[in-house]
Each structure stands twice: as C-alpha cells, then as structure tokens.
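Student: Here is how the chains run, residue by residue.
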Amino acid sequence: MSTSTEKEMWVTKLRKGWQKNLPVEKLLPDTQPAYVASWIYLFGVATLASLGLIIATGLWLSFEGASWYHGSNVGHFVNSLHFWSVQFFFVFMVVHLWGKFWMAAWRGRRMLTWITGALAFVGSIATAFTGYLVQSNFDSQWISYEAKDGFNSVGIGSRFTVTNFGQMLLLHVAFLPVIIGIITLIHVLLVRAKGVVPPIDAFNKELGERK
Amino acid sequence: MGIFDHFMNLRAVYIHLGWFQISITNLIVVLGMLVLFGLALFLPFPGNKKKGQK
Amino acid sequence: MSDRRAELESAPWGGRTRRYDLIKEGVVAVVIVAIVVAALSTLFGSPDEKQVTFKEWATAAPADFYATSVQELAGSSGTGGYGAPYNKASDGVNLGPLYLAKLLGVTHPVDTVNDFVITPLTTVSNAAPVADALKTWQASDAKTQSTWATNYDNALTKVNQDQAKVPAGNYGPVPELAAGLLTMAQAGSLDGALLSQGNYFQTDNTKQTLFLGDGSYFNDKSTASNLQGSTWGMMNETGRYPGQAWLWLYSFWYQIPPFNNGDSHPFGANADAWIMVIMGALSLGLIIMPLIPIVNKLPYKIKIHRLVWKNYYQEENL
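So the sequence lines, in the order shown, correspond to chains A, B and C. Those letters in the first sequence? Residues 14 to 224, per the working numbering, in order. Those letters in the second sequence? Residues 5 to 58, per the working numbering, in order. Those letters in the third sequence? Residues 2 to 319, per the working numbering, in order.
Just chain A, same shape as in the assembly (with noise of 0.2 Å):
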C-alpha cells in the first residue's frame, strides 16, 4: 500500500474519492431529510421508472426485428408500450423539471446536477425523434422528409442522415440509449452524493437573514 513516499496510484486516488463523495450510506441511505415531503420529489423516479420500461419494451422489440409490429398482436402491443412509457417519461421528466426550477435545487454546489439532467432532457428528445423515424409506417417517412431540411440547413445533415433508416434504427438502439442511460446514472449519482437540495429559506438563521 501507499506510503507518504510512494506516489498514490490512480486505483487508490478513484477508490479514495468514491469512498469520500458517495459512500454506501449515501448510495442507499434510510432516511432522507424532514423537508422531502412532497408529491414533487417522486417524478424523479417516476421518469426513471419509465425509462426502464422504455428499455426493457425497446430490448424486447429489437429481438424480434424492426417490422415485427406491423405484423403482430403481440408486437403491436409491445409497441404500444414502448410509445406510452415514451409518453409518460416526457410528462413525468418536464414536471420533475419544473419542480426542480422552483426549487433552485441547482444550489449548494448541485450546478452539474442540474446540467446533467437538461442534458438527459434535450438527448431524450434526440432519441425520441429517432425512434419516430425508425417506426417504418407512413408518420416516418413523413418526419424523415421534413425533417431533413432543418438538418440539411445548418450542415449537420452531411453526416446524420435521417432519410437513412440503417443509420437511424442504429442510432437509437445503440448509440443514443447508452448516452442518455450514461447521463441518467450520472445524474442520480450526484443526487445521491450531494443529497436532495435544501429549502431556499432553510439556513436563513445560520446567515443572519430574515424573512
């Protein structure tokens, strides 16, 4: 092991700071503080729960191939899944969004958080938009038309093509999933780790404010 001499490896520097900002009881703590009581602080989760379905209804689609929902009873109800958790995620996301604006929960050093969670925000959308290209019916082909233009004009239609169902349907079963699931685990890790924000009056005292 290290000694005052020895220069600390990268291993032992990782493990110290995991061990320092987010130890277990902070992961899966038994209590939370006496001011999460609200309603407002289970659309977190509930985003997060259908986010699992999204997944676990898109795995199950992607075993049994892009057309199989035109076809099938059981396909099409699996799709009809996977376009409701859709649904649900964005309510469920943009009302946890907007609790958390009012709540300026960006405070006490939590900035990356909220930075982390607009960002799963806008590449949800990115996401969600390839998946509305690769559903092979007429509503794809139609957003692929149209969408292209937006894309085209500003350059970035050289390169992402979304006329192009290949690359479309590899995107959003590959690509886009891990990047959005990448930011989500960070996100609900610095929540964990810096815990759930205070309230805006709470330490009002402590500063010699009043109100």
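Keep in mind the hints are simulated off the structure, nothing from the lab. Treat the hints with caution; some may be incorrect.
No more than 20 Å apart at the CA atoms, straight line, and that leaves these computed lysine to aspartate or glutamate pairs for EDC-like [claimed, not checked]: (1) A:39 to C:8; (2) C:51 to A:159; (3) C:298 to A:214.
Pulled from the structure, derived: some chain C residues nowhere near chain B, Cβ distances all over 12 Å [said to hold, decoys possible]: (4) 63; (5) 101; (6) 112; (7) 127; (8) 148; (9) 160; (10) 161; (11) 184; (12) 187; (13) 188; (14) 196; (15) 201; (16) 292.
Label-pair distances were calculated between CB atoms; the ranges are [to be verified]: (17) C:6 to A:80: 52 to 62 Å; (18) A:124 to B:50: 31 to 41 Å; (19) A:80 to C:143: 36 to 46 Å.
Please read all numbers here as calculations on a predicted model, not as lab measurements. Heads up, the beta-carbon is just placed ideally off N, CA and C, and yes, glycines get one too.
Please build the complex by placing chains B and C on the supplied structure of chain A, with the hints as guidance.
Tutor: For chains B and C alone, coordinates are given in the frame of chain A:
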C-alpha cells in the same frame, strides 16, 4: 391492437385560434402535466413519520 | 450567492430526518407506471398508419406520378434543385454569409435523372417503346437529354399535367420513359429498385423519400393528417394519438413572422437554419440556466417552493 383502435385512428380534432393550433390529444397531455404539477404541490404528502435527529 | 450559503447548502444535512425507502419507492414506481402504460396500450394501442409505396402513389394519382417523373428527368423537382448535401444545383439556405450545407459539400449524392428514373428502368425488362426510348436516351448527350426533358416538363405544366393535352414538340423519348416508369411503379417494382439501385443489401431510404416528397400525393396526405410544419405538424401524430408535444417550442417558431413566410428574406427563406440556431441557443440556455441572470432569480421571487416545503416552513416557523 387497442380496444379503441378505430376511434384512435379517426381524423384528429384540432383547436384553432389564429396561428395557434393544437390537437385535442396533445392538449390533454399538456393540461395533464399542469394538473399533475398542481396536484403534486397542493396535495398533502402522507406519512410524516419523524425521526427526531436535531 | 455567498460562499457561506453555498457551503451550508452543500454540506450533509444536519437537521431532522425521516425514514425513506428509496428502493421500495423505485419498485412501486415501476409497477404503477407499468400498469398505467399497459392499460393505455390495451385501450388505445399505438399509431401505425401504413407507409406510402410508389405502387400506391402511381395507382392512386398516376398524373401526379407521371409529371413528377418528368420533373426528375428535367431536374426541376424539389430534389433536382436542392443543393447540398444531394447535389450542386443551388447554394441552399444560409445564415447570413454562412452556407453551411454547401460548405460541407455533397456527402449524399442524388442524381434525379439516373437514380430515380433511368437506373430503375434498366433493372426490368421493358415493353418495346420503353426499351427503345431508353436506348435513344442513353445514346444522346446530356445537353440534348436536358432539352427534351425541359421542353416536355414545361409543356406538361402548361396543360396542368394532363398528358393527353400536351401539343406535339421536341420531347425525344421523355414521354415514353415517364410512361415506362409509371407502369413499373404501378406494378410495384419501383419500390425495391429505387432502394437497391441494383444492389442486394440496402438500408438507406434517402432516394425513395426524396422522390416521394417531390410529388403532390405524399404532401397532400400529410396535409390531410395535419402534419405540415406550417400547421404545428411537428407536434402532431397520425390519427388521434399524442404526438411529440415536447417539440412545441421548435414548432412554434415556424408559425410566427418572419419565419412563417418562406418568401421573406433573409429570415423566412432560411427559416430552417435560423430556427435550428435559435433552438440550439435555447437548449444551451436550459443547460446553463442556473447561470442566467434574472431567470435564476425567478424561484426566489415567485415562491412556488413554499408549496413544496410547506410542512417544513410551518414546523420551522420560516
């Protein structure tokens, strides 16, 4: 196939106010979000079991 | 915000706590959401309006398909004059002096004459007039081909796409080629030929989609379903299903001046590019919202947070 599949695939109804336009379904989704947000703020949260640690 | 405040707000909570089972909360959330989602799926299913095929188009609107084929040969279609990333026919849209698409070049070449008409026609055995027309076309130089196609395209436009009323003229083999493509499309063999372009594996539908969009049939169908960008179509879905409501802000800009007028310069004509820039900036704004003055003070001024923490504020007499 959904039970109301036929109904869901009829032509959508739109609310039209000048340049503003929204389908009834999207309006329900948006209002639903606002209602959820309102309920989350106003409904009392159950089970205030305190574990006094000051 | 003082450093002292940030320090207090970031320190581990030292006040009262309550029992809270995160795992139970998560499991219950998954179960409830799954039940609701399964119920809605059972009741309403999901949108799946059948895709448009070239066979459908050529059968339902043969005159439109025929005229579009002629436009593809003449290079006068939307795709023919698009510019980058498909061809060099125009400069494309711009952000002031910036022509980003043009700058990045033709990365996805589409040659409407050969990709849409000639190559597909060569993949099937054609009736004698069409086979002869193909030979004549292929034996002529580009200038002659273009003259024939443009003459016929103009003549057809003048008589409102009514093929029977086109007066005699110097059209070369163009009418026979268009008729041959129409026959091929009606038989259902154009769909595959456009996609494969003589190959086996193919997953890029760009050429089909561009050709489809050049005609009126596809556009009219989308108008009927309220999917056009000028009528908030980006948010909408086929049937009565909810759409991508989260795109409301993106869709919004297309409804207001100057972006709703495609003829107004510089913004209306380049709406796609400007709205992309606006939305990029707004997305960045959302990501760094805590740093934006005034906006980051709103939660302190409009005290919705008092509703979230109403119990705590009561108990602590805040």
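Student: Does the claim that residue 187 of chain C lies off the interface hold, with its Cβ farther than 12 Å from every Cβ of chain B?
Tutor: 27 Å, holds
Student: Taking C-beta pairs only, is residue 127 of chain C more than 12 Å away from all of chain B?
Tutor: 39 Å, holds
Student: Would the least Cβ to Cβ distance between residue 196 of chain C and chain B come out above 12 Å?
Tutor: Non-interface label on residue 196 of chain C holds, nearest chain B Cβ at 27 Å vs cutoff 12 Å.
Student: Could you check the hint for me, namely that residue 6 of chain C and residue 80 of chain A are 52 to 62 Å apart, CB to CB?
Tutor: The hint (52 to 62 Å, Cβ to Cβ) holds, given that residue 6 of chain C and residue 80 of chain A are roughly 57 Å apart.
Student: Is it correct that the beta-carbon of residue 161 of chain C has no partner in chain B closer than or equal to 12 Å?
Tutor: 28 Å, holds
Student: Next pair to validate is residue 39 of chain A with residue 8 of chain C; report whether the Cα-Cα distance is within 20 Å.
Tutor: Answer holds: residue 39 of chain A to residue 8 of chain C is near 18 Å, not above 20 Å.
Student: Decide if the proposed pair is consistent with the structure: residue 51 of chain C and residue 159 of chain A, CA atoms, cutoff 20 Å inclusive.
Tutor: Since the Cα atoms of residue 51 of chain C and residue 159 of chain A sit roughly 18 Å apart, the hinted pair holds (cutoff 20 Å).
Student: Does the claim that residue 101 of chain C lies off the interface hold, with its Cβ farther than 12 Å from every Cβ of chain B?
Tutor: 29 Å, holds
Student: Can we confirm that no CB of chain B comes within 12 Å of the CB of residue 160 of chain C?
Tutor: 33 Å, holds
Student: Take the C-beta atom of residue 80 of chain A and the C-beta atom of residue 143 of chain C, compute their distance, and say whether it sits inside 36 to 46 Å.
Tutor: 40 Å, holds
Student: Is residue 148 of chain C truly not at the interface, in the sense that its beta carbon sits beyond 12 Å from all beta carbons of chain B?
Tutor: The claim stands: residue 148 of chain C keeps its Cβ more than 12 Å from every Cβ of chain B (closest is about 45 Å).
Student: Is 31 to 41 Å respected by the C-beta to C-beta distance linking residue 124 of chain A and residue 50 of chain B?
Tutor: 33 Å, holds
Going down the numbered hints, you'll see the structure goes against none, and every one checks out.
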